[in-house]
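Given the structure of chain A, go ahead and fit chain B onto it with the hints provided.
First to last, the sequence lines map onto chains A and B. Residues 1 to 306 in my numbering are what the first sequence spells out, letter by letter. Residues 1 to 204 in my numbering are what the second sequence spells out, letter by letter.
Keep in mind that the hints are not guaranteed to be accurate.
[As the list claims (entries may be wrong)] Keeping only pairs whose Cα atoms sit at most 25 Å apart, straight-line, the calculated SDA-like set for lysine to any residue is:
| hint | chain 1 | residue 1 | chain 2 | residue 2 |
| --- | --- | --- | --- | --- |
| 1 | B | K167 | A | P297 |
| 2 | A | K117 | A | D44 |
| 3 | B | K131 | B | R98 |
| 4 | A | K118 | B | T199 |
| 5 | A | K113 | A | S103 |
| 6 | B | K175 | B | E186 |
| 7 | A | K42 | B | T199 |
| 8 | B | K157 | A | K118 |
| 9 | B | K168 | A | N285 |
| 10 | B | K157 | A | K117 |
| 11 | B | K157 | B | K167 |
| 12 | A | K189 | A | K118 |
| 13 | B | K131 | A | I119 |
[To be verified] Computed Cβ-Cβ distance ranges for the label pairs, DEER-style:
| hint | chain 1 | residue 1 | chain 2 | residue 2 | range |
| --- | --- | --- | --- | --- | --- |
| 14 | A | T177 | B | D59 | 44 to 54 Å |
| 15 | A | N9 | B | D59 | 45 to 55 Å |
| 16 | A | G192 | B | S144 | 32 to 42 Å |
Hint data in this document are derived by calculation from the structure and do not stem from the laboratory. Backbone N, C-alpha and C define an ideal beta-carbon position, used for all residues, glycine too.
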Amino acid sequence: MDQTDDIPNDYYLFKSCVADSLYPGIELSVKYVLDQINAGYKEDPRQSSCAGFGVYSGVVPLETNLALNARNISLASETENTDLVCLCSSCYSNLKHCQKLLSKEKNLEKDAKVIMKKIGMDYKIDLDIRHVSDVFLSRINDLKNTDQMYSLSGINVVTHHGCHYSKFFFKDIISGTFERPTVLDEILKGLGCDVVDYSEQFLCCGGGLHGSVIDCEYSRETLLRKLSSINEVKPDIIITQCPGCSFNLEHYQEHLIEESYMDGYIPVLYISELISILMGADPENLGIDMHVVPIEPFIRKLKVIK
Amino acid sequence: MSTHQKSGKNIPIRKIKRFTLNNTSKPINDMLFKKSGFKKCIQCGRCTASCTAAYLYQDYNPRELMRKFIFDDVYSKEINELIWKCGQCYSCRARCPRNCKAGLGVQSLQLKSVFNGNAPPEIINISKQIKLNLYKYGITFLPSTQRIDLLEEFGVKTNDQSIENSKKRESLGFKMDMTRINPLPEESLQEVRQILELTGFVED
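Just chain A, with the same shape it has in the complex (with noise of 0.2 Å):
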């Protein structure tokens, strides 16, 4: 299924607070991934949270999620832009399915119409939401083009795409299915590295609401289950599409790896980390160099091209 065609080379980008506030780098890599194939992208201090950790919590009412997002999406809709860019994929969930209600809905447009014509905004949702990772693989040539540092031959990958990206809107996954998205897999196979398959790929990454709120038998136990797995087919690297589950895949290997499920460390980068990586970005000055299992060995692993 190849629906990038239709992707354009401008973006709205919706900001994450749980990258900004856990994983800077992403944010920051991204720009410059988008800097390097020329992609001009937007940035707009107005928009808020999209509420998205609170609604999965639990903890966010529905017209409260409705009329913040109403609010953030006619805020994009203002713009030139036909693209809202999300760079984590709960804020993907999250803002597409209240633009589904409030479409579907009429009882619960008018309210958000009502609330929008209060705060003195029109009110316009009508414009695509994807995530970042769709418009690097409908601009995978553009990648492959750029002068790149380093090569990623040799190097084995697995994949882990955010469920919150896969498994409600699974329709809309541009490449691959929810069983098996192979958004990641593709852009990666088109950098030229090898992506390995594990059997617990469908799992999640162990975040859910407990992770931080509750208790942390579910992110330990599957995460147990994820990371053992992956450890099977040692990868030199796990990528992510999601600044939640980078930071799931990466905290819990300490104590797995002194339970012996694992035998050593295996860094975790967002996609647009590794991509700006290997087009010869400093680690350090975007802010990549702030993950807790640290990514100079593999860094090392990499074949110099120039």
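For chain B alone, kept in the frame of chain A given last:
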């Protein structure tokens, strides 16, 4: 018990209590609960076979939850505890042959539980924190939203590295405990605050 004559054998027939689903959604008049699609559920169990939480917790079972949604059996203490075991991954939704979304029904009950003050104290706390974050900054998640004792959960090396990272934020132009480099302009913040007040998501 009546019997049914077949091939000369007496086979007992159980009296089946028939029901319709017409009035079962009455008490929970909530869009998310309705969108779970419980009326379409055929109790096949694919949600449960796919569920991350069901694998882990023996008493958590989205198929059984959907059955309880059908019969409007959602007001017990047991349900109020079970709903907090869902990780909201929506594996149930992806694999459902009837396009149901058990996770949305759970989210609806979670919201009700928070609203009624019946949610676990940690959830009530995060709710307060998110209200405050959104009201003050228009942001849901700040660097400090991650609990410190949670970091201790990860081990000494990981924790040390995390502390190091929070210092590194400043070298990238970020403040230690502010999510964005450029905050929301005052006018935008006022709009967000109005939304929170109009929809009742503010701390008392």
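Evaluation of the provided hints:
Restraint check for K167/B and P297/A: the C-alpha separation of about 23 Å stays at or below 25 Å, so the hint holds. Only pairs whose Cα atoms come within 25 Å are accepted, and K117/A paired with D44/A is accepted, the gap being roughly 21 Å. For the given pair, K131/B sits about 36 Å from R98/B by alpha-carbon distance, which is inconsistent with the 25 Å threshold. Our distance criterion of 25 Å between C-alpha atoms is met by K118/A and T199/B, whose separation comes to about 12 Å.
The suggested pairing of K113/A with S103/A holds, with an alpha-carbon distance near 12 Å, which does not exceed 25 Å. Restraint check for K175/B and E186/B: satisfied, since their Cα atoms lie roughly 18 Å apart, inside the 25 Å limit. Distance hint between K42/A and T199/B is unfulfilled; the C-alpha atoms sit about 29 Å from each other, more than 25 Å. Distance hint between K157/B and K118/A is unfulfilled; the C-alpha atoms sit about 51 Å from each other, more than 25 Å.
With a CA separation close to 10 Å, the supplied pair K168/B and N285/A stays within the 25 Å bound. Restraint check for K157/B and K117/A: not satisfied, since their Cα atoms lie roughly 51 Å apart, outside the 25 Å limit. Between the alpha carbons of K157/B and K167/B the distance comes to roughly 16 Å, so the proposed pair stays at or under 25 Å and holds. In summary, the hint linking K189/A to K118/A is not supported, as the alpha carbons are separated by about 50 Å, beyond the 25 Å threshold.
Annotation: proposed proximity of K131/B to I119/A holds, straight-line Cα distance about 19 Å (limit 25 Å). Under the hint 44 to 54 Å, the C-beta atoms of T177/A and D59/B, about 31 Å apart, miss the expected range. A beta carbon spacing of about 51 Å between N9/A and D59/B agrees with the range 45 to 55 Å that was offered as a hint. Look at G192/A against S144/B: about 40 Å separates their beta carbons, and that is inside 32 to 42 Å.
Checked against the numbered hints given earlier, the structure breaks hints 3, 7, 8, 10, 12 and 14 and satisfies all the rest.
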